[in-house]
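*Asks:* Protein chains in written order, with our numbering: chain R, 5 to 687; chain Z, 5 to 687.
Heads up, some of the hints might be wrong.
Note that identical chains are pooled: a pair holds if it fits in a single copy or bridges any two copies.
Unchecked claim - Here are the simulated DSS-like pairs of lysine-lysine, each with C-alpha atoms no more than 25 angstroms apart in a straight line:
| no. | residue 1 | residue 2 |
| --- | --- | --- |
| 1 | K229 | K614 |
| 2 | K351 | K408 |
| 3 | K229 | K613 |
| 4 | K385 | K269 |
| 5 | K614 | K288 |
| 6 | K613 | K288 |
Hints in this document: simulated from the structure, not taken from any laboratory.
Protein chains: 2
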Amino acid sequence: MRRRSATPLWRNRPIMAVLVVTAVIALVAAACTPGGGGGDNGATGSYVDIINERGFTDEQVAAALKTYLPSGEWDEYVMFASGGHSGQVIAIGIPSMRILKNIGVFTPEPWQGWGYGNVEQQAVFDAGNVRGNEIRWGDTHHPALSETEGDYDGKLLFINDKANARVALIDLRDWETKQIVKNPVSIVDHGGTFVTPNTEYVIEGGQYANPLGWDYAPLEEYEAKYRGMVTFWKVDRDKARIDESRSFALELPPYWQDLCDSGKKVSEGWIFCNSFNVEMARGKVTDGADFEAGASAGENDYLHVIDLKKAEALYEAGKTTEVDGFPIIPLQTLIDEGVLYFIPEPKSPHGADVTPGGEYIVVSGKLDPHVTIYSFDKIQKAIADKNWEPDRYGVPVLDFDAVKEAQVEVGLGPLHTQFDDKGYAYTSIFLDSVVSRWSLGPPYKEGDEAWKLVGRIPINYNVGHIAAAEGDTVSPDGNYLVSLNKWSIDRFLPPGPLLPQNLQLIDIDQPPINPTVDVGGTDPNGMQLLYDMPLALGEPHYAQIIKADKLEANTFEIYPEIGWDPAKMAVDPDAPVAGNERVERNGNTVEIWMTAIRSHYTPDRIDVKKGDHVIWHITNIDLSKDATHGFALPGYNVTLSLEPGETTTIEFDATESGTFPFYCTEFCSALHLEMAGYFLVEP
Amino acid sequence: MRRRSATPLWRNRPIMAVLVVTAVIALVAAACTPGGGGGDNGATGSYVDIINERGFTDEQVAAALKTYLPSGEWDEYVMFASGGHSGQVIAIGIPSMRILKNIGVFTPEPWQGWGYGNVEQQAVFDAGNVRGNEIRWGDTHHPALSETEGDYDGKLLFINDKANARVALIDLRDWETKQIVKNPVSIVDHGGTFVTPNTEYVIEGGQYANPLGWDYAPLEEYEAKYRGMVTFWKVDRDKARIDESRSFALELPPYWQDLCDSGKKVSEGWIFCNSFNVEMARGKVTDGADFEAGASAGENDYLHVIDLKKAEALYEAGKTTEVDGFPIIPLQTLIDEGVLYFIPEPKSPHGADVTPGGEYIVVSGKLDPHVTIYSFDKIQKAIADKNWEPDRYGVPVLDFDAVKEAQVEVGLGPLHTQFDDKGYAYTSIFLDSVVSRWSLGPPYKEGDEAWKLVGRIPINYNVGHIAAAEGDTVSPDGNYLVSLNKWSIDRFLPPGPLLPQNLQLIDIDQPPINPTVDVGGTDPNGMQLLYDMPLALGEPHYAQIIKADKLEANTFEIYPEIGWDPAKMAVDPDAPVAGNERVERNGNTVEIWMTAIRSHYTPDRIDVKKGDHVIWHITNIDLSKDATHGFALPGYNVTLSLEPGETTTIEFDATESGTFPFYCTEFCSALHLEMAGYFLVEP
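Required output: the full structure, derived from the provided sequences and hints.
*Replies:* Take a look at the structure:
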């Protein structure tokens with residue numbers, strides 16, 4: 005039934021050199037005969053007229069065609085972007101830049117029935133409460149797709165909440181959030197989530213330091229009492245859950261940990277996190293200088309180099325202390341046992357990115373125009389040689405020159421680096437508002453082609469992170485890169501004073517026209533801007549792009565059986581099914597087993613008395629794809645989305661007497677409006 | 005600085021007949037010379053190659069080009085779509101189909117800081133509580149742009165919440181929600197919002213009947229105690245608010261009111277609402293038949309015809325009863341005073357749409373393949389002639405044949421009708437999954453060209469409402485129509501079992517190729533499908549499309565002055581500004597005046613004691629466009645979005661002791677991560 009395209013043919017085209025010749029032939033053959041390059045087709049007119057009348061350049065026409073999907077064609081990739089302080093995850097098709105789903109995570113979202121009555125979802129939210137306070141939003145930062153052997157496997161997605169130091173797990177069978185865990189050590193995080201190459205762990209790093217367990221301590225006691233952290237959450241792949249009982253954290257100095265990446269292949273088992281505010285600035289009120297000045301005063305911050313295997317062994321050997329019952333390996337133990345090393349990095353970095361083969365770690369200091377590349381081999385040698393000096397807490401600081409492989413000048417305000425399949429790296433440049441393409445060294449590029457800046461494409465404006473297709477796996481795809489620009493300014497009609505972000509799609513399929521010289525200015529040198537997408541429902545911070553066919557292979561189009569409980573990912577044996585619908589009263593508790601099918605609920609009338617406790621099970625017994633039914637209960641803040649086969653339970657006290665019509669919120673059939681019933685609460 | 009296009013030139017093209025001839029010339033002239041129809045341009049290859057390799061038809065190429073906006077070009081129209089049970093309003097640019105803003109309305113939304121601490125926003129939400137119950141979602145249905153002389157004026161937007169019978173007001177200066185009112189008569193609504201031609205009133209119609217004030221009454225007392233309603237909310241244009249003290253409702257029979265429209269021009273002052281379940285079906289438990297069967301048993305439902313001027317006079321004369329202090333004109337008074345009439349309409353209608361000049365009212369019975377067109381003149385004559393029979397409640401039912409002007413067979417499951425600038429109407433056809441174009445009669449079309457079905461374009465799938473550019477004003481624009489399809493099935497990569505809607509953009513600029521014959525099957529006859537947009541953050545129910553330049557003229561790009569309070573739309577004289585930042589303690593109350601600017605807060609450290617009451621004012625003193633700052637307070641469920649110039653106040657008790665770093669959630673500068681501070685709560 006479905007009419008989707010295979011991988012677009014034009015992606016498989018031979019190299020451009022051949023096309024340059026064939027283009028003219030194709031042009032003459034196709035465009036100069038009717039039906040090819042824009043003949044009259046009656047209803048729509050000639051597309052050549054449109055090109056001429058709108059003044060499109062050839063590049064713009066190509067961009068329009070590369071991003072256009074005729075009805076029924078599917079996208080080649082899906083980008084999972086954090087929603088920033090929307091608290092959600094936004095799934096975007098690439099190259100069309102159409103939103104496929106705004107996934108409810110830390111913020112209740114009624115369209116998908118996320119957090120509006122379902123008792124199991126309530127438990128997920130409550131697990132994310134902070135010392136009993138209901139937190140009903142998040143600042144999602146870094147989505148991490150689960151990996152197998154360093155490649156995305158399309159099974160799970162993790163995301164952190166910077167604002168409250170929490171991590172959520174989304175199951176990509178149904179694209180729904182299944183779990184939220186609260187970090188017991190810190191009240192804010194940043195450097196997460198990132199996974200190890202087989203998703204043994206999902207990593208959450210801290211940011212603004214606080215005393216362990218965010219206990220009170222005045223800023224005057226910063227050096228002694230404030231601490232940073234990295235937490236290793238153990239993933240149980242069989243259960244598709246984080247196993248809190250097998251997770252642990254590292255106590256770190258109160259340098260503000262920022263972004264992490266896992267080692268890969270040759271560096272598997274090691275973790276790299278950058279940091280800023282090694283200066284331990286405490287702000288203007290305390291120190292007389294704003295954080296922005298104080299935290300940028302020094303020349304260097306520290307890349308944290310962590311031996312995860314050793315840390316895991318220490319945790320398993322019980323060499324931990326506890327905060328709120330959560331095990332922490334003390335800083336001194338990390339030093340004594342050779343788990344933690346520092347490397348000087350240009351100040352105020354943002355991004356620590358490991359090359360596909362694991363050989364190098366790329367760091368960008370926002371206030372330095374270079375990317376700095378460290379060699380994993382050299383790091384190992386410096387450790388073996390004890391080529392270090394201790395920092396103020398005694399952590400070994402490896403010698404910069406001994407571990408540095410290269411530096412490439414890429415522009416003002418470099419932030420974050422991604423990789424392609426042709427040996428190039430891409431770094432976002434915040435202040436210059438460009439994305440720079442540069443070449444890696446051996447084994448990716450040799451001789452004249454190594455460590456060169458080979459392109460700078462302007463973006464609009466102020467790029468934060470970037471995401472390339474499978475761009476932080478062991479086998480990047482190239483093809484596309486998305487520039488997640490923080491400001492849009494004049495790009496779109498302003499929807500009031502709060503402007504959208506601008507996600508710009510860039511074609512990186514074409515290698516540099518000249519690969520051996522450092523470009524200057526803003527020469528894209530083969531890269532092409534394809535599309536501007538306003539993002540006005542969140543502030544995406546970071547994103548990952550996965551090949552769509554990996555998701556397709558794993559995604560439920562409907563739930564496998566009638567009575568499926570998405571929280572347990574199994575059939576609920578007590579779920580209402582056709583024929584067993586009923587209402588039972590037991591004292592003051594009224595329990596309802598209801599089914600929904602186009603276009604009615606059974607039963608369609610519920611009588612209770614004020615004060616009754618109501619337990620209400622509903623199953624959507626429609627198994628047609630897309631036959632979702634809603635359930636809205638007016639006056640009670642209840643709304644559900646029941647996908648085909650799904651069963652759900654709500655539970656509440658009938659505190660208000662009256663007449664409450666309930667109804668289906670999804671336009672499910674021509675008689676959808678008749679899909680209703682009455683909940684009658686007798687005084 | 006901004007580089008936006010004027011109205012695209014190609015929209016001004018001469019009629020197609022001329023282009024058919026010129027196309028071939030243009031083709032040869034442009035496409036057969038380098039740079040015209042796809043010459044080699046180095047980086048991107050030839051676009052003709054892309055066309056050939058992807059197998060695009062000429063129509064698809066034209067569609068791609070018509071919907072593509074190069075970076076910096078702005079959309080021609082904005083569609084405000086309800087978000088359905090997301091509770092929000094989604095603003096979408098047309099023709100690009102890019103989302104410009106997901107406007108927080110009934111559901112808290114942290115990206116825009118909507119409902120997460122701001123005390124004035126909290127008051128807006130609380131005004132929408134239902135008898136003290138906090139309702140934090142909505143089922144938004146029908147957005148209504150404010151009108152002046154029957155044309156959108158781009159100033160205000162109204163939207164109803166079907167699930168709890170509420171109406172919200174959005175100010176289009178800053179695209180933010182300013183007010184929520186709860187209907188005191190009903191617990192659910194549907195037929196709203198719709199405005200009168202000068203926005204004197206915003207209209208909210210009921211849906212599922214309930215006793216007035218949704219008091220308890222068993223369904224056995226349905227005929228005697230259950231009632232329908234239409235509410236007229238008075239709009240104070242000067243204050244940009246609904247004035248609850250000057251609003252009133254009509255008591256109607258318990259027929260499920262559905263959609264309303266205001267009369268226009270010749271019919272101004274009259275209101276038309278359809279209804280279903282005139283059968284008064286009460287469901288299977290009560291009657292033995294499901295609502296879907298019971299409510300469809302009869303041949304007809306009733307179009308409600310309301311004389312608003314008379315109703316207003318009765319309200320002003322105090323001829324009302326009250327529910328919860330809210331005035332209601334009793335049903336018997338409506339009958340006695342000639343305010344309310346019924347007209348039989350084909351059963352289960354959805355949509356009552358008044359033609360641009362006000363001459364006709366178009367109704368679609370979902371179970372009848374025709375649209376039925378009533379003449380306003382004939383309705384007036386039937387009323388004058390007393391050509392009626394009373395219904396069971398005594399309401400005059402006008403003679404169908406006396407008021408009917410025409411019926412046009414448009415397909416199975418007609419729902420909703422919009423209009424263009426060329427005398428055509430467009431009706432969504434749910435069961436056939438098409439949009440039908442048909443011609444109006446005089447004065448729009450005469451003779452052979454009147455009342456003809458002139459096109460049927462297939463859509464994918466199951467269209468609910470449709471929206472044409474300014475399509476329900478006195479002067480529709482034509483150009484574009486959006487089909488809001490409820491099912492997408494196979495159109496997009498499935499993001500789990502909950503599928504997006506499919507909003508399809510249709511080019512209606514081209515008149516019918518043959519305007520005088522009734523088409524059969526699925527002959528678009530000049531209409532063209534341009535774009536499929538998955539909508540996966542809500543279930544848009546209804547939408548209106550406004551010319552973008554009307555919004556531009558009215559929208560704040562930044563707030564007018566530093567210290568602007570968006571709730572009052574005025575400067576707050578007590579707002580923090582540069583130089584007066586401070587912290588004051590008064591007993592157990594700590595009050596803070598803080599400013600935010602790239603890249604720090606002043607002050608950046610706040611010390612309080614556990615149990616203190618905290619009042620915290622923050623002003624964004626950055627006046628650069630797009631220089632929004634966020635404010636996240638971890639652990640306290642507080643997040644704000646401070647647009648340039650905005651001031652905001654939060655208020656809470658410091659119930660938790662500890663160390664809480666606060667920080668900016670908007671990536672505002674290269675040193676954005678350093679924009680932070682500490683909130684220290686001493687035990």
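*Asks:* Against the earlier hints, flag every one the structure doesn't satisfy and list their numbers going up.
*Replies:* Violated: none.
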